[in-house]
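Chemist: Sequence:
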Amino acid sequence: MTRLSTTPGELARRGFLDATRSAKLVRSLTELIGHQPPVWLADGRWLDLFDRVADPDLALEELTRLLPAAPELRPRLAQNQEWAQRLVLVLGGSSALAQHLVQHPEDVEVLEPTPERVPAPDIAADLMERCTVEGWSQLEAVDALKRANKRHLLRISARDLAHPDPQGVLPDIAAELADLADAVLQATLVLAQREVPGHEATRMAVIGLGKAGAQELNYISDVDVLFVAEPGVDPATGEPATSDQAVQLATRVAAAMTRICSSHTAAGSIWQLDAGLRPEGKAGALVRTLGSMRSYYEKWASNWEFQAMLKARVVAGDAEVGQGFLDIVQPLVWRAAEREHFLAETQAMRQRVIRTIPAKEADREIKLSSGGLRDTEFTVQLLQLVHGRADDRLRARATLTALQELVDHGYIGRRDGVELGTAYRFQRLLEHRVQLFRMRRTHLLPSDPDGLRRLGRGIGLRGGDEVMTQFRQSAQKVLRLHQRIFYSPLVEAATRISSQELALTPQAARDRLRVLGFSDPDAALRHIQALTSGLNRGAEIQRQLMPAMLGWFAEAPSPDAGMLAFRQVSESLGNTPWYLRTLRDSGQTAHRLATILSSSRYVVDLLKRDPEAVQIMASDAELVPRDLAQVRASMRAAVQRHDQVDGAVRAVRAQRRRELFRICVADLLGRIDLATLGRALSELTSATIDVTLEAIARDVPEAPTLGVIAMGRWGGREQSYGSDADAIFVHADSDDPEAGSKATAMVARLRQALGSAGPDPALPIDADLRPEGKGGPMVRSVSSTIAYYGRWADTWEAQALLRADHGAGDPAAVAAVLDSVAGLRWPEGGLNRLQLAEIRKLKARMETERMPRGQDPGRNVKLGRGGLSDVEWTVQVLQLQHAHECPDLRTTSTVAALDRLSQLRILDPLDSQKLLQSWELASRLRNAIVLTKARRSDAIPTDARDLAAMSHLLGRGFGQASELLEEWSRASRRSARVTDRLFWGRG
1 MTRLSTTPGE LARRGFLDAT RSAKLVRSLT ELIGHQPPVW LADGRWLDLF DRVADPDLAL
61 EELTRLLPAA PELRPRLAQN QEWAQRLVLV LGGSSALAQH LVQHPEDVEV LEPTPERVPA
121 PDIAADLMER CTVEGWSQLE AVDALKRANK RHLLRISARD LAHPDPQGVL PDIAAELADL
181 ADAVLQATLV LAQREVPGHE ATRMAVIGLG KAGAQELNYI SDVDVLFVAE PGVDPATGEP
241 ATSDQAVQLA TRVAAAMTRI CSSHTAAGSI WQLDAGLRPE GKAGALVRTL GSMRSYYEKW
301 ASNWEFQAML KARVVAGDAE VGQGFLDIVQ PLVWRAAERE HFLAETQAMR QRVIRTIPAK
361 EADREIKLSS GGLRDTEFTV QLLQLVHGRA DDRLRARATL TALQELVDHG YIGRRDGVEL
421 GTAYRFQRLL EHRVQLFRMR RTHLLPSDPD GLRRLGRGIG LRGGDEVMTQ FRQSAQKVLR
481 LHQRIFYSPL VEAATRISSQ ELALTPQAAR DRLRVLGFSD PDAALRHIQA LTSGLNRGAE
541 IQRQLMPAML GWFAEAPSPD AGMLAFRQVS ESLGNTPWYL RTLRDSGQTA HRLATILSSS
601 RYVVDLLKRD PEAVQIMASD AELVPRDLAQ VRASMRAAVQ RHDQVDGAVR AVRAQRRREL
661 FRICVADLLG RIDLATLGRA LSELTSATID VTLEAIARDV PEAPTLGVIA MGRWGGREQS
721 YGSDADAIFV HADSDDPEAG SKATAMVARL RQALGSAGPD PALPIDADLR PEGKGGPMVR
781 SVSSTIAYYG RWADTWEAQA LLRADHGAGD PAAVAAVLDS VAGLRWPEGG LNRLQLAEIR
841 KLKARMETER MPRGQDPGRN VKLGRGGLSD VEWTVQVLQL QHAHECPDLR TTSTVAALDR
901 LSQLRILDPL DSQKLLQSWE LASRLRNAIV LTKARRSDAI PTDARDLAAM SHLLGRGFGQ
961 ASELLEEWSR ASRRSARVTD RLFWGRG
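So in our numbering, the last spot in the sequence shown is 987, and the numbers never skip.
Keep in mind that a hint or two might mislead.
[Said to hold, decoys possible] Once the Cα atoms are required to be at most 16 angstroms apart in a straight line, the calculated EDC-like pairs of lysine to aspartate or glutamate come out as:
#1 K862 - D724
#2 K862 - E885
#3 K841 - D980
#4 K367 - D222
#5 K299 - E338
[To be verified] Per label pair, the in silico range of CB-to-CB distance:
#6 A815 - A844: 47 to 57 angstroms
#7 G284 - T942: 51 to 61 angstroms
#8 A844 - A793: 14 to 24 angstroms
#9 A812 - D888: 20 to 30 angstroms
Derived from the structure by calculation, the hints contain no laboratory data.
Please read all numbers here as calculations on a predicted model, not as lab measurements.
All residues carry an ideal CB built from backbone N, CA and C; glycine is no exception.
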């Protein structure tokens, strides 16, 4: 057969999607090439050209557009099979470059020589020669630079697409793309200087960062740079320029460079020049002197900024100035890992980036998704920063080079290094090819089947499904390897397990633990050794668990405390068969345990007393707080097993401890909200007092019937971890003359039994709100209580009764009292002027007397301005004023009352929102104080570590404690203004 011929069926088998249309295009090619093609074009073998092409339909179409525009190329291409192959690969691999070739067919000549890497100086010289022709306008010069850049991209892409091992050649392709970017920046600098008269007065250097600095650039990326300048010689005076003059001129040059690189003209564009990584980011000066740079990086730079400088390299401009910058910043880079919260802040930043990925793009994001390129780069950079301080062999800029150095020098196992490098190359190849197709900056896999199929064909995969499968597998492997690579060697270092591949020295292990956030690495290593040494099954499971546990400890505020607590719990449960098995088989349980142990001293104390409570974390169903009936039933069952009251009380307190642990864990893991937490704690208090009273009554002959009126936050079902149980005790009316003394003795025993110090958390019961306060009887009969409130009650007692509800004991006795005081709680006509004045006076005195001396009132979330007291007293005054006419206000809950006051328009909705925000934030802060410090306090701590731990518990990232303080200051300030107006009547 002596002419091109084929059928739609043959084209379809070759991978053409529109075989019928492609067959017509083939006929057109027949006419163009003629009837006597070379042998390799005959007999259908010419279709072999398309077998490796990403989009054969596109390649064929563009070929039929290109050849008519370049008739002189046809015979030469027909005689050069390799040239034709490279042309077809480019036409089908990049629609953007195909369009360029159709518009500039003379550039097909670029693809004729066998592609090789061109030395960087030759690329720079070529670009400079092509854009600095004498007599050209600035626009002509810029367009010439853009066309020259495109010609080199054609050459590099042909080398990439035609290479038999695209993953193997990828680092070299990325390095040549960086060489091309350097050349563009050097030429752009010359063109920009033309626009700035007197530019000789400044000596400016361009520092490449990111992938440009590391010489591992993509086809189309923002090129991260930083500009630094020093004074030169003023050409007008011949004198040295001033620093201000140098910076002003350099700023104009840098702005011109940015405009040239990003501008769109008839010749297209190059890429965006991004100086956003400069000191103070986009808000900072575009250009600084060396002295200004030194001052910033020594005094003000954040941890992440040193990580960004890891890849800094002089790419254009004054080499001496550029080296001066590197001499300043590089020593600081290698000390960055010693800075406080370095790892925590960099990890938090990484998580914030992941959270910003739109959900619909998460599974297609090559760069930023979990297990994507950024995770590999993060792993490598982190190990460089930790170990590169003492080992300068690790200070390579490029990711793959640095990874190999880490392997070669024993910081990463050889197998892990190979697997991580393979995953990274594969993901970078995907990134390159999706960018190359349209020459657009993107890190997303195609969302359409045809796009995925095209991508797969271009890298030798069978189709789009295989692309997605391999990408997901690579991401999972990266996540797993990050954990193994960073944490497993710590276990080996601690246990001295021999390894042919890896030998992390004790000092290197300490360095790695320190950057994880451990303040005492030696102690951590001792704990690891104690848990993982030995040949028994438990030690083997611990060796499997420990890498993950260390990673999770590092995510929390106190890894040292977490490690110690883990050792204590593990040793307590060492012979329990389910413990290690559960942690090994349930990563979720192990993760939860690590989070809890390193986040809350309060919960650690609970768990050390009852290690078997770990089982609660194994099931989501167990992390739902149990209701009053369930808790009370469990406590009663426990009490039945004890004949003596003391044993019964211990059983009740143990049950309370277990339920407190359940509630705390649910809270710390974010499974319950503030309202659910308050209700769960309040119902736990009710059950504890109720069942303890029942146990005490068993020991009292003809025990009187007691009722417990819940007051304060207990009555409002809004208790916090640090709340007392405010209560009023009454006993049913009785003919027994000793009923009162018996009841008093029972209450005394109850308070002592639950409030005394012991191995389990105490439950203090505060009865100061009873009739006559501290001077009144501890217990009154129902009739005596009713009589007192009917004749002698003060205004403060009416206010206190607003939150009164049944707490424990006999519901009938409590209901009788509460029914009788309805008129006192919700007075007809509201408060008179004297009563309101009395409430205001009492509040002022209380805050003066109870505020600890020397404490900053602004940090007291209860008594400080705008705090809990302000909100609750404001709400209670409004209830006293309006609840008689508005029965909906007859609630014991502050939150419910605020909502109803707003709905009834008694309280402006905006004011209600301000009060609620302050109350809720104060309540959360109060709870966080107890969880982190394991003791009650109303004051936000001044200790930076405690504050950081609180910030973490409240969902803020590391380094955001100041933002938490500012949030409280803002919320309390707004609340105080509302309180001033509504409670104090001040404007």
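Chemist: Please write out, lowest number first, the hints stated earlier that are contradicted by the structure.
Modeler: Violated hints: 2, 6 and 7; rest satisfied.
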